[in-house]
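> When the letters of the sequence shown are read in order and numbered with this note's numbering, they come out as residues 1 to 69.
Because the hints were derived from the structure by calculation, they are not lab data.
Errors might be hidden in some of the hints.
[Unchecked claim] Label-pair restraints from in silico Cβ distances: (1) 20 with 52: 17 to 27 Å; (2) 26 with 53: 17 to 27 Å; (3) 42 with 18: 10 to 20 Å; (4) 55 with 29: 27 to 37 Å; (5) 13 with 63: 26 to 36 Å.
Think of the CB as a built atom: it goes at the ideal place given N, C-alpha and C, for glycine as much as any other residue.
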Amino acid sequence: MNFDMRTNQNCASFFNPATKAFVVVDSFDNYEFDVRAGTLSRTEFVGTITASNDEELNKKLAEITAAHI
Numbered sequence: 001m002n003f004d005m006r007t008n009q010n011c012a013s014f015f016n017p018a019t020k021a022f023v024v025v026d027s028f029d030n031y032e033f034d035v036r037a038g039t040l041s042r043t044e045f046v047g048t049i050t051a052s053n054d055e056e057l058n059k060k061l062a063e064i065t066a067a068h069i
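From just these sequences and the hints, can you work out the full model?
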């Protein structure tokens with residue numbers, strides 16, 4: 001899955017058409033990001049990551065969701 005989230009975004013969602021998996025990311029402070037993964041109708045909390053720039057955020061999103069997508 002290709003993540004292209006920016007640290008200044010408060011939320012984003014991503015979809016993998018091959019596996020039909022969704023990833024939902026939200027943040028209140030643009031430093032700590034809560035990550036959920038699952039289907040359109042049901043997601044589960046995967047974890048919280050911290051990132052200070054876009055590159056770090058997208059790399060960590062790929063790592064934390066690898067087993068779920």
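> Tell me the hint numbers this structure goes against, listed in increasing order.
1, 4 and 5
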